[in-house]
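Undergrad: Spelled out from the first residue to the last, the chains are:
Number of protein chains: 4
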Amino acid sequence: MAPIEPARRVAVIGASGYGGLQSLRLLHDHPHLEVTFLGGERSAGKRWNAITPFLPLARDLVVRVPEPDAIAAEADLAVLSLPNGLASRLVPDLLARGVKVVDLSADYRYRSLSQWKSVYAAEAQEHPRHDDALCEEAVYGLVEWERDAIAGARLVAAPGCFPTASLLALMPFLSQGLIETSGIIIDAKTGTSGGGRAAKENLLLAEAGEAVAPYGVVGHRHTSEIEESASRAAGQPIRLQFTPHLMPMVRGLLATVYGRLRDPGLTAADCTTLLQAAYRQSPCVEVLPVGTYPSTKWVKQTNRALLSVQVDPRTSQLIVMCAIDNLVKGQAGQGVQCLNLLAGLPACTGLPLLPFYP
Amino acid sequence: MAPIEPARRVAVIGASGYGGLQSLRLLHDHPHLEVTFLGGERSAGKRWNAITPFLPLARDLVVRVPEPDAIAAEADLAVLSLPNGLASRLVPDLLARGVKVVDLSADYRYRSLSQWKSVYAAEAQEHPRHDDALCEEAVYGLVEWERDAIAGARLVAAPGCFPTASLLALMPFLSQGLIETSGIIIDAKTGTSGGGRAAKENLLLAEAGEAVAPYGVVGHRHTSEIEESASRAAGQPIRLQFTPHLMPMVRGLLATVYGRLRDPGLTAADCTTLLQAAYRQSPCVEVLPVGTYPSTKWVKQTNRALLSVQVDPRTSQLIVMCAIDNLVKGQAGQGVQCLNLLAGLPACTGLPLLPFYP
Amino acid sequence: MAPIEPARRVAVIGASGYGGLQSLRLLHDHPHLEVTFLGGERSAGKRWNAITPFLPLARDLVVRVPEPDAIAAEADLAVLSLPNGLASRLVPDLLARGVKVVDLSADYRYRSLSQWKSVYAAEAQEHPRHDDALCEEAVYGLVEWERDAIAGARLVAAPGCFPTASLLALMPFLSQGLIETSGIIIDAKTGTSGGGRAAKENLLLAEAGEAVAPYGVVGHRHTSEIEESASRAAGQPIRLQFTPHLMPMVRGLLATVYGRLRDPGLTAADCTTLLQAAYRQSPCVEVLPVGTYPSTKWVKQTNRALLSVQVDPRTSQLIVMCAIDNLVKGQAGQGVQCLNLLAGLPACTGLPLLPFYP
Amino acid sequence: MAPIEPARRVAVIGASGYGGLQSLRLLHDHPHLEVTFLGGERSAGKRWNAITPFLPLARDLVVRVPEPDAIAAEADLAVLSLPNGLASRLVPDLLARGVKVVDLSADYRYRSLSQWKSVYAAEAQEHPRHDDALCEEAVYGLVEWERDAIAGARLVAAPGCFPTASLLALMPFLSQGLIETSGIIIDAKTGTSGGGRAAKENLLLAEAGEAVAPYGVVGHRHTSEIEESASRAAGQPIRLQFTPHLMPMVRGLLATVYGRLRDPGLTAADCTTLLQAAYRQSPCVEVLPVGTYPSTKWVKQTNRALLSVQVDPRTSQLIVMCAIDNLVKGQAGQGVQCLNLLAGLPACTGLPLLPFYP
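Protein chains in written order, with the working numbering: chain A, 4 to 361; chain B, 4 to 361; chain C, 4 to 361; chain D, 4 to 361.
Since the hints were made in silico from the structure, they are not lab data. One or more hints might be untrue.
[Said to hold, decoys possible] Distance windows between CB atoms, simulated:
#1 C/S121 with D/G268: 20 to 28 Å
#2 D/Q279 with B/G219: 20 to 28 Å
#3 B/E70 with D/A125: 33 to 41 Å
#4 D/D72 with C/P267: 36 to 44 Å
[To be verified] Computed far set for chain A versus chain C, every beta-carbon distance over 12 Å:
#5 S19
#6 A75
#7 A76
#8 H130
#9 W148
#10 L181
#11 T184
#12 G199
#13 N205
#14 E210
#15 P240
#16 R265
#17 L269
#18 L357
Idealized CB from N, CA, C, for every residue including glycine.
Just need the whole structure built from these sequences, with the hints factored in.
TA: So, in structure tokens, the structure goes:
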């Protein structure tokens, strides 16, 4: 095996959950990044292929305790897939050792640590934090809107799955002031893998199969994450409605976003053109023609976001739909995009964009 | 077998689709209504149990051509489960012969025939109609809001599945003027059985499985049906946003309804109390406590509608969720409720209200 | 409420798992049996309807610690839905107090306690048992084949879900010596609710959805349970192959049973006639015409078993297919059949036999 | 775009069904083969990307009428994904023009045309055939067992999905005479995409969802296809039992194969070693360790076949399990393997082998 190029050795920390699994899977096919360290507490000392017969890796690493020195010795970049609150214990040590970090948790998604503490109160209780400066320094990894900042960062907070789909739909309209900033409604639908791999009764097939239900109505934690970016884009504080729903499927996420147009003369064709312009430089985002609506199946196991927009001239309502794979563009794939930028590569390098249909 | 009580002999016309199948299934367990005529063009002359091994009926009828005289000779009531446009060819003849009709199609859901013609243009082309008077006479069969009118009617138009869930959520707030009449958004999710039993590519398991997608965005035909009743309740014309989504499951329908409260001081508890009061006399509707959200699984194969309401004090947004089984409360079960009222029985007679969980 | 007839008061012990839930659900609609005691450790002291919003019972009982004296004071019959090994701690005390018991666990399915200890070794370790006499006394609750013995029993061991479907298919042929006793193969398929309601990673929708896999290949514990009854029916020891598979659905179980005909001249029609004769007195079992094969959908949420048989004249192979709902005929429904017999009622009293299709 | 190497230009004929779709998808990522002709009757004249928004191809071809001269002008190889009977009308003309063909239909899977006519009687009626010589010439494209013959062929008949999984499991044991040739049972399970993309009632999500059922019991057409290869491997005529079942999932196929060991002393470890030896040169086939059983999820959207074997020492029964993706290794992927061999490339070139889990 040829030596790995400098700055392109990647540590994946926390590989047994879906975030870690997907990161490993995506990096396996990557032409320039290579996983050189596999960190996990529970499986430390075991070979990956022995414990994961369904995802054998060509480079079969031994899982190791995620100790900062060991990580820094073998990796230039790290992607952390850990429960909320835990990443903040590892990140300062990694940065201090020159390892750049993409964190898939919520720990660095807010500029203000105190806001994190109020939104993630239980985690804050369990993991006392004082890394205000890092929260301010961290870049929010919404690749299509923060490309340059990510490329120059040490620490990137990969967005949540719902914020990714919601913001890709909203940002073009908010940043240009085309919709009213009040009354925005995001009705989102996700497959159950969004709830993680830890066994929970409500995510059992017997419970979640043949069922659709809302959850976290008013006050879901992704609300504040969406609002933070949306407010910045709009240049004023935004309070919006976000309602997630659990779908009887493994993967896929659809956000149906409603906002009121300021200019009632704008048509669906106008808005489609505007979206196309906004994402012209973003090969992972595709805008569908007017009247074609995105199915989550069309993006399954890809890093693509599909957007479609419709306008009701009777009500001046704008409806923007965004479909992503919650585990790829909504999590690990966007993480790889961030790694790419940190490594000086084009954001989409090595990422699948075409689904296997059906 | 004891003779069937007068006025309680039922004809089911169009029994091979899901509407007819469910009607037969529900009536099979009914203590007072009895199916005495089974009408169908394609299967005429065959015994039901021979062609439907999965749903053998104790009273194994021969399927017959739905000829008005034959129907009138054997039935006092008829439930029609026919494609849109076709019911209108049969209804006048049945009424003329004294048979009261519950129509599961959209043919009589609008007071104005010309509106039907504009919304169902293709069907109007194929089935020329001039029964304006019947459109005006027909009662909209939303049982919980039209109980007395239905009981006194000759012709009842059973509501569509989406309008049923949407209106059960909206009516209490609209009729009391508690929400603004503009800006209402209904984001609805349905299982694929809502698309009927005729084979269509997009409803194949291989296509609709593991997929969530919007359809009919802006302009779905149920929009106007919902608006007709909502406007009447509000006492003013209402234009609202209705977006249906196809879910990867067999049955179940959830409407997530968003509206802006006129009085920002109203709490979720207040709104829950209001809903409970509105449906106190309606055993098929149940209001969940604040913070408990309905799953479609909780109403599967029942005629129950589950409501829950939440309020976001930051935005004054009201969120009302309504889960039903699209084939029961959303179609055949509501049809049986109407038959019950026509037969002088309590609306919920003989209808299942408790799910088999899971 | 009228007083409950003597001998028809039922205690349900362990109501939070699927076995208990289904028992409660089925008994809710029962015309003659009434749940008078609800036993559970974790929820003791709480009202059922408060903790189970999706299955509110008309008679809203307080969950109580399953203490034998308390149970005996309020119930004549008890159905136990407890983890393997736990029932054996409660059963002797209940019998001593005159309460007849239907046990849904495996504790009394073997005549020999030592066999139970070898098959359920882990449970035997945790729950030391010495109730050999009760094991010998207990009647195996396969209703269609043990009707009289059940009716006269104090203690009934309800069969497992796989044995129920497998034995309903095999017994008619084995008891008449029509198939060879070696080489029998049972290839079984079950929905994930068969794995219970306790959260396990492999039963998550994200894991079990869109997946089919065998498990417990060679040596699954139901093998010995099936063999015990099969051997008795054949009058000689039988060793057969049983392979269960996990299906991506909530409920339903199909056993595809292969055996070699002794008389190569027997046709599928002959075998169908034989099955019909065997189950003539069994309203819960229905034999389909030759060439019609049972779908688990056709029995969902019913206590019906659907059988179909085919013969390959080229190979003399007999193929018997049996579809049941794993939670009803495969568990709680068969339990209610046993309760019915203990209470002097026809076995099928109060049980649903017709599915809601689809 | 660089010019395509000679002998590596591929025509895909019949691209709207799943076989064609998957072929296009797989070839899209192929490093050496390039689709240069897209043939279809219904969509002729339209651009692929315009009619298939969910699978936009980098090289956006116009769909053309599949006329032999046109195909031969632009392609060296052709993969045909047409209904049974139709391929035989096109194949002779393509071969005559020097185009090598991989046919995904059943038209050339039997050495004897008359056997095809008896098994595919309806198709034979509609499409009269006299190409006996081509039937004899055609090579059966089970890559792992016919590598050299395929590499030297003009016409390859890609195996059916069930025969692929069944034969991969059986061939090592049959070819070495390790199992008895009578009494073999194949119990197979497939997702609904195996039924194709044409709309059929029984494949609707509402019908096939939450359901498991056998079909084609005794006499399914793949029986004879499996027997043809199995007989050849065993050196004697084999009659076996093959029973397919429809599963509620999109893709995936599992064959559970039962045979009796001739040497009762063989263990599961022995048999695993034997399988590993048999497939040592076959990177698309992987043998799992004893006690690990394959899930169809582990091969989804890959060209991998996962095998596992177990032995019951009590009964001398051998159980071989084989999981594949029915649309990849079971159809289009195996087709690409054949194209690779025809083009002088290693069989697995350009094919995905690792799933995206979950």
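Undergrad: For every hint, state whether the structure bears it out.
TA: Going through the hints against the structure:
About 24 Å separates the C-beta atoms of C/S121 and D/G268, a value consistent with the hinted range of 20 to 28 Å. D/Q279 and B/G219 have their C-beta atoms about 54 Å apart, which leaves the hinted 20 to 28 Å range violated. A beta carbon spacing of about 36 Å between B/E70 and D/A125 agrees with the range 33 to 41 Å that was offered as a hint. Range check, D/D72 to C/P267: Cβ separation about 56 Å, and the 36 to 44 Å hint is violated.
Non-interface call for A/S19 relative to chain C: violated, since the shortest CB-CB distance, roughly 10 Å, does not exceed 12 Å. Distance check for A/A75 against chain C: the nearest CB is about 32 Å away, which clears 12 Å, and the non-interface claim stands. Every C-beta of chain C lies more than 12 Å from that of A/A76, the closest at about 33 Å, which supports listing it as non-interface. A cut-off of 12 Å between C-beta atoms confirms that A/H130 is not in contact with chain C; the least separation is 24 Å.
Look at A/W148: its CB is around 29 Å from the nearest CB on chain C, clear of 12 Å, so calling it non-interface holds up. Residue placement check: A/L181 keeps its beta carbon more than 12 Å from all beta carbons of chain C (closest about 37 Å). Every CB of chain C is more than 12 Å from the CB of A/T184 (nearest about 36 Å), matching its label as outside the interface. At the 12 Å boundary, the C-beta of A/G199 falls inside the reach of chain C, the nearest C-beta of that chain being 8 Å off.
Here A/N205 does not stay apart from chain C, with its beta-carbon only about 9 Å from theirs, under the 12 Å limit. Not every CB of chain C lies more than 12 Å from the CB of A/E210, the least distance being 8 Å, so the non-interface label is violated. Listed as outside the interface, A/P240 is consistent with that label: its C-beta sits roughly 36 Å from the nearest C-beta of chain C, beyond the 12 Å cut-off. For A/R265, the requirement that its beta carbon stay farther than 12 Å from each beta carbon of chain C is met, with the minimum near 41 Å.
The beta carbon of A/L269 is kept farther than 12 Å from every beta carbon of chain C, the shortest such distance being approximately 40 Å. A/L357, annotated as away from the interface, keeps every beta carbon of chain C farther than 12 Å; the closest lies near 19 Å.
The earlier numbered hints that this structure contradicts are 2, 4, 5, 12, 13, 14.
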